[in-house]
Every structure is written in structure tokens, then in C-alpha cells.
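Engineer: Could you put the whole structure together from the sequences, leaning on the hints where they help?
For reference, the chains in residue letters:
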Amino acid sequence: TQLLEQSPQFLSIQEGENLTVYCNSSSVFSSLQWYRQEPGEGPVLLVTVVTGGEVKKLKRLTFQFGDARKDSSLHITAAQPGDTGLYLCAGAQNAGNMLTFGGGTRLMVKP
Amino acid sequence: NAGVTQTPKFRVLKTGQSMTLLCAQDMNHEYMYWYRQDPGMGLRLIHYSVGEGTTAKGEVPDGYNVSRLKKQNFLLGLESAAPSQTSVYFCASRDLTSGRVPTRSYNEQFFGPGTRLTVL
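Line order of the protein sequences matches chains A and B.
Count the first sequence with the working numbering and you get residues 51 to 161, in order.
Count the second sequence with the working numbering and you get residues 72 to 191, in order.
These aren't lab readings, by the way, just hints derived from the structure by calculation.
Chain B regions said to be covered by chain A (calculated; three or more residues, Cβ under 8 angstroms):
| hint | segment |
| --- | --- |
| 1 | 107-115 |
| 2 | 182-189 |
Quick partial rundown of chain B residues pointing at chain A, CB under 7 angstroms, derived from the structure:
| hint | residue |
| --- | --- |
| 3 | F161 |
| 4 | N178 |
| 5 | E179 |
We put the beta carbon where it would ideally sit given N, CA and C, even for glycine.
Structural biologist: Rendered as C-alpha cells:
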């Protein structure tokens, strides 16, 4: 059982649609990150959230950290083919020397 | 800056063979990590290092050894490869957290392009 559960695992949508990806845990994290990974490459950081209830926006992407700092969501508005990729959430506990990754959500946006 | 580089990019081994994966970073980062990525399981931490000469076990350390003799390099060794070690291996590095107010880059890890390993 993974410490961080992501849902859905796969998502295939049409360009212009909205979507939400969830990252849930029964554990509390001091910070939570979202990474995006494209085929043949390593993950790249999108955002870090630290405060419970925090909302951050990155263009059409909106990230929210749960009030209890146990869960997070990523919402994409008007998805574009360029959003296609694997989205990973990762949580840090205590000093943050290590990250625990979720299983990932593979998103495909069709033109 | 090249960032984080990994060699080789691809490798095929037979069961029982040994090999070493090399990770190098030119950002003067203190922390370095080795992960494996398998379908549906995200990234799982194998070993990590918080500085030159130090290493620690992660979530799935069995069957792997590591060394950090130089700050910029982190080596991952497989002494006797098994088919269960077929995976994509990623190295990452990060700087010491600085400042009292977390920024976007707080705890940010920078990843290499990965090594695809197949063990037959």
C-alpha cells in the first residue's frame, strides 16, 4: 500500500476539457509537491505547497493543499495537448530529506 | 550547466551480472538520490546521500549498494542483477533548504534523464 494514493491512474480527455487529479494520504506532510514527467525524461517540479488550505495557480493549473495537510489536488482548466504527461505528487515529512511519491496519473489530452 | 546526468542511458544484463550506474551533478548540491520507477508505482527511493562520504537506505534498498566518494557523483551498484531489478532508474539532487520562508523551490529535486535497465 502506497503512502500517497493518486487518482485517477489514467485520464484521456479532449482538448478544452477540465480535469482534476487527486493525491490522498492518511499521513500528514510538511510540504507537498507536484511534478510532471514527459516520456524519456525525469520529473520536473511544477509547484510546492506548504500551508494547509493553500491554493497556488500556475497559468491554467490550480493546486490545493488540504487543510489537514494530508491531501492535495491539481485542477487543469481548458486542457491542451501540451499538458499530456505523467503527473506525480510527492510529500515530505519532518526535515524533508526524503520525498514519498504517489503512483502517478497519466494524462492524455487529444486535439 | 548540464544539471544532472546519468550514464548509461540503456543497458541489458543477464541474471547474475553486475553493473554500476553513474550519476553526476554540477550544481554543487548536497543531497543526492537514487529512485526506481515501475509502472503504476511512481518513484521509489533506493538509497540517498546527504553529503560526500555519507549514504542511507531508502524504501527499497535490497540488492543495491551506493557510494558517494565525491560530492558531485553518486554511484548505484548492482552486484548480482535479478529480473526483478528491471526498471527505469532516476538520479536526483537537491540543495540544502535555505531561508525560513519556503519558496517554490523548497525541497525541489532535480532529476536526471533516467537509465533503462533490463535484466534477462
